[in-house]
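S.K.: One letter stands for each residue in the lines below.
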Amino acid sequence: MRRVRTLACAWAMGSVVVVAAGLPSQAADTSPADTLLDRARAAVATHEFAGTVRVGWRTASGMEWKNVPVRAVDGGLRLAGGDLVEDDGRAWLRGRAGWATLWSDTRAPEAPSVTAKYHVRIGKGPHVADRPTRALTIERGGHVVERYAFDRAEGFVLRRVRYGDDGRVTASMSFVQLGEVLDARGSLQTPRVGGSAPQPMDRPPSDAHRRVGAGFVLVGAQRVGEETQLQYSDGVFTASVFTRDGVIDRDALPTGGADVKFDGVTVRRYRTAGGTVLTWESRGRTYTCVTDASDTEQRAILASLGSDDDGWTEAVRFVTSPFSWF
Amino acid sequence: MSELEHDDVVSAYLDGELTPVERAAFEARLAADADARAELDDVAEVRTLVRGLPLPSMPAGFVDELLATGTADDAAAETGDVAPVLDLGTAQTRRSGRARFAAYAGAAAAAVALVVAVAMPAQTSAKPALATDVRVHQAGAAASGDPVSGLAPLATPLRFGR
Amino acid sequence: MTSDRVPTWEEVARDHGQFLYSVAYRLTGNVDDARDLVQEALLRVRRGLATYEPGSLEGWLARIVTNVFLDDMRRKKRRPVQALPDEPDLVVPPAVAADVAADRAGLSTEIQAAIAALPEEFRVPVVLCDVADQSYEDIARILDVPIGTVRSRLHRGRKLLRGELVARGVVTAGGVT
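Protein chains in written order, with the working numbering: chain A, 1 to 326; chain B, 327 to 488; chain C, 489 to 665.
A couple of the hints might just be wrong.
To be verified - Not close to chain B: a few residues of chain A, all C-beta gaps over 10 Å, as computed:
{"#": "1", "residue": "Val73"}
{"#": "2", "residue": "Val181"}
{"#": "3", "residue": "Met201"}
What the hints assert, rightly or not - Cut-off 25 Å, straight-line C-alpha distance, at most; resulting in silico cross-link-like pairs (DMTMM-like, lysine to aspartate or glutamate):
{"#": "4", "chain 1": "A", "residue 1": "Lys124", "chain 2": "A", "residue 2": "Glu139"}
{"#": "5", "chain 1": "A", "residue 1": "Lys124", "chain 2": "C", "residue 2": "Asp632"}
{"#": "6", "chain 1": "C", "residue 1": "Lys647", "chain 2": "B", "residue 2": "Glu353"}
{"#": "7", "chain 1": "B", "residue 1": "Lys453", "chain 2": "A", "residue 2": "Asp292"}
{"#": "8", "chain 1": "C", "residue 1": "Lys647", "chain 2": "B", "residue 2": "Glu343"}
{"#": "9", "chain 1": "C", "residue 1": "Lys647", "chain 2": "B", "residue 2": "Asp334"}
{"#": "10", "chain 1": "A", "residue 1": "Lys124", "chain 2": "C", "residue 2": "Glu608"}
{"#": "11", "chain 1": "B", "residue 1": "Lys453", "chain 2": "A", "residue 2": "Glu281"}
{"#": "12", "chain 1": "B", "residue 1": "Lys453", "chain 2": "A", "residue 2": "Glu139"}
{"#": "13", "chain 1": "C", "residue 1": "Lys564", "chain 2": "C", "residue 2": "Asp632"}
{"#": "14", "chain 1": "B", "residue 1": "Lys453", "chain 2": "A", "residue 2": "Asp259"}
{"#": "15", "chain 1": "C", "residue 1": "Lys564", "chain 2": "C", "residue 2": "Glu608"}
{"#": "16", "chain 1": "C", "residue 1": "Lys564", "chain 2": "C", "residue 2": "Glu499"}
{"#": "17", "chain 1": "C", "residue 1": "Lys647", "chain 2": "B", "residue 2": "Asp367"}
What the hints contain is simulated information worked out from the structure, not anything from laboratory work.
Heads up, the beta-carbon is just placed ideally off N, CA and C, and yes, glycines get one too.
All chains should be built: construct the whole structure from the sequences, respecting the hints.
M.R.: Here it is as structure tokens:
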């Protein structure tokens with residue numbers, strides 16, 4: 001099912017550099033960058049192929065790499081030889097204790113347009129896995145934050161590279177081998193959606209911030225075990241804020257990480273391949289923020305969430321109907 | 327007009343590509359011919375300008391991008407960790423003897439918890455499930471973006487670093 | 489880098505990425521094409537390392553970059569690049585690399601533009617000699633032509649380049665008439 005991104009209504013801060021006419025199937029109110037991304041998503045769901053991607057991520061000691069086999073089949077995805085399964089947004093991961101349902105919501109979040117906050121450039125891309133590509137460069141403040149290479153023929157993302165504030169690559173994925181691409185048929189047999197799966201909420205908690213940081217908009221809410229997850233997006237980066245009652249059992253935290261002070265509150269910070277994890281407590285609740293956004297963006301998010309005992313400083317009450325998030 | 331105008335010996339001389347005999351002969355010509363010296367200066371000027379160009383800056387992250395183009399045959403740094411473990415929290419914690427209270431749910435209960443927290447120093451302790459949080463976050467982000475690049479990182483080992 | 493052992497492709501990317509990029513950029517004149525060129529060259533480097541005999545690594549790398557460049561030129565001549573009728577390309581002006589010395593940026597850009605204006609036949613020897621620092625013998629091997637041909641094309645390239653630079657006001661016309 002095709003998911004169309006909507007433009008963020010109130011504050012389009014970016015601009016699109018487009019010299020010639022647009023891309024195929026471009027809706028009137030979406031930017032070419034959003035169209036490329038939506039098309040890429042749809043392309044994976046409607047084609048079958050097998051290949052290998054090389055995943056890279058930055059750690060304290062430099063970049064690490066791993067090859068991951070990828071198979072698109074029956075409208076879904078099987079990665080790492082079937083240890084990771086995706087179908088229509090739902091995702092499962094096979095662990096030592098069996099299948100874990102990581103996502104069960106098939107509705108597409110209405111994220112802001114890429115161009116709400118970022119500048120984009122589209123042009124000729126490199127050959128990736130022997131296939132010509134179209135390149136999308138996403139920038140802000142003169143720095144490139146992310147670069148995509150889309151397959152010219154079918155539109156898949158063949159390469160995606162993310163950059164930190166210092167211009168160095170922080171994460172990357174690139175197809176290194178891709179076989180024949182065919183149309184998908186049939187529907188993928190998936191694991192069951194487990195009882196402990198994240199449950200989508202029709203409306204977020206009444207005290208949920210609608211906006212955090214610089215342009216991060218609330219796009220979804222889930223119940224994840226004993227936690228509530230609020231999902232935020234700025235069109236490119238995402239941030240999840242998990243809250244649960246109770247204060248942190250510090251002994252139960254993973255070893256490693258660093259304690260950083262923010263506004264008088266001690267925040268435990270970890271760097272992981274999945275992003276930065278920040279966890280802290282306030283007013284008897286524990287908060288965990290997971291985000292792939294930069295440290296600067298994280299500080300803005302923390303500031304807007306409010307982390308002192310005087311309470312939320314920027315709470316925006318959620319007043320509109322259940323199906324509207326803005 | 328210098329007869330050297332179309333003579334590539336000028337370039338060869340500047341590039342040090344003449345034999346000692348050829349070089350001596352050329353230098354003799356230069357000594358005798360002002361136009362030849364002017365011709366030499368012209369070509370030398372161009373040569374110097376090109377040689378003096380600074381190194382063009384590589385785009386940000388260029389070398390990392392080159393390194394990202396590894397092939398499926400690479401054997402480098404493969405850990406063989408095929409089945410990612412979902413929750414690493416239990417494996418890495420120290421055991422604590424503190425009593426743990428069940429977590430409350432709901433706003434009313436939160437207010438009660440606040441009062442309780444003020445009254446008693448021992449507070450309700452939340453057992454963090456950070457590995458779950460990261461995986462769920464990644465899966466959710468992949469659900470609204472590109473699924474392959476969003477999910478492939480979940481097939482890599484999850485480690486909590488500084 | 490000492491030339492007594494075969495490097496890994498990662499070492500080539502890390503230690504010689506700038507060299508590869510410099511040659512590619514001076515040949516192509518723009519960032520995007522230079523980037524593509526280096527990526528393709530590195531693929532050939534990986535394949536070629538199996539049979540590489542330690543010697544002049546930069547000479548070998550210069551040869552690979554040049555071959556990729558010339559192959560691209562030949563391919564473009566055979567089949568002019570055209571946007572597919574139902575998918576017009578979004579044309580963005582190619583990015584120009586920022587040169588290291590900011591105060592020389594204007595001059596470097598002009599010189600680079602003049603180099604890019606040279607026909608490939610003359611541009612390649614100029615870049616190989618004055619950017620990649622290759623000897624006439626190395627260039628002859630790379631281009632598979634006699635040394636005399638290298639010498640004459642290089643000289644002609646410099647003369648043409650001078651003409652370009654005079655036209656752009658970078659150097660003053662003068663000298664011989």
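S.K.: For every hint, state whether the structure bears it out.
M.R.: Outcome of the hint check:
Consistency note on Val73/A: stated as away from chain B, and its beta-carbon is indeed over 10 Å from all of that chain's, at 13 Å minimum. The non-interface label for Val181/A is consistent with chain B: the shortest C-beta to C-beta separation is roughly 13 Å, beyond 10 Å. In this structure Met201/A is separated from chain B by more than 10 Å, as the shortest Cβ-Cβ distance comes to about 13 Å. Taking the CA atoms of Lys124/A and Glu139/A, the gap is near 17 Å; set against the 25 Å cutoff, the hint holds.
Of the supplied pair hints, the one linking Lys124/A and Asp632/C is violated, its CA atoms being roughly 31 Å apart against a limit of 25 Å. For the hint linking Lys647/C to Glu353/B, the alpha-carbon distance of about 21 Å falls within 25 Å, and the restraint holds. A distance of roughly 23 Å separates the Cα atoms of Lys453/B and Asp292/A; the hinted pair therefore holds under the 25 Å criterion. Of the supplied pair hints, the one linking Lys647/C and Glu343/B holds, its CA atoms being roughly 18 Å apart against a limit of 25 Å.
Distance restraint check for Lys647/C and Asp334/B: the Cα-Cα separation of roughly 10 Å lies within the 25 Å cut-off, and the hinted pair is therefore satisfied. A distance of roughly 22 Å separates the Cα atoms of Lys124/A and Glu608/C; the hinted pair therefore holds under the 25 Å criterion. Among the hinted pairs, Lys453/B with Glu281/A is consistent with the structure: their alpha-carbon atoms are about 12 Å apart, no more than 25 Å. Simply put, Lys453/B and Glu139/A have alpha-carbon atoms about 39 Å apart, too far for the 25 Å limit, and the pair is violated.
Proximity of Lys564/C to Asp632/C is assessed by CA-CA distance (about 21 Å); at most 25 Å being required, the pair is judged to hold. Distance hint between Lys453/B and Asp259/A is fulfilled; the C-alpha atoms sit about 18 Å from each other, no more than 25 Å. In summary, the hint linking Lys564/C to Glu608/C is supported, as the alpha carbons are separated by about 13 Å, within the 25 Å threshold. Annotation: proposed proximity of Lys564/C to Glu499/C is violated, straight-line Cα distance about 31 Å (limit 25 Å).
As the CA atoms of Lys647/C and Asp367/B are separated by approximately 12 Å, the hinted pair is consistent with the 25 Å bound.
When held up to the earlier numbered hints, the structure conflicts with 5, 12, 16 and fits the remainder.
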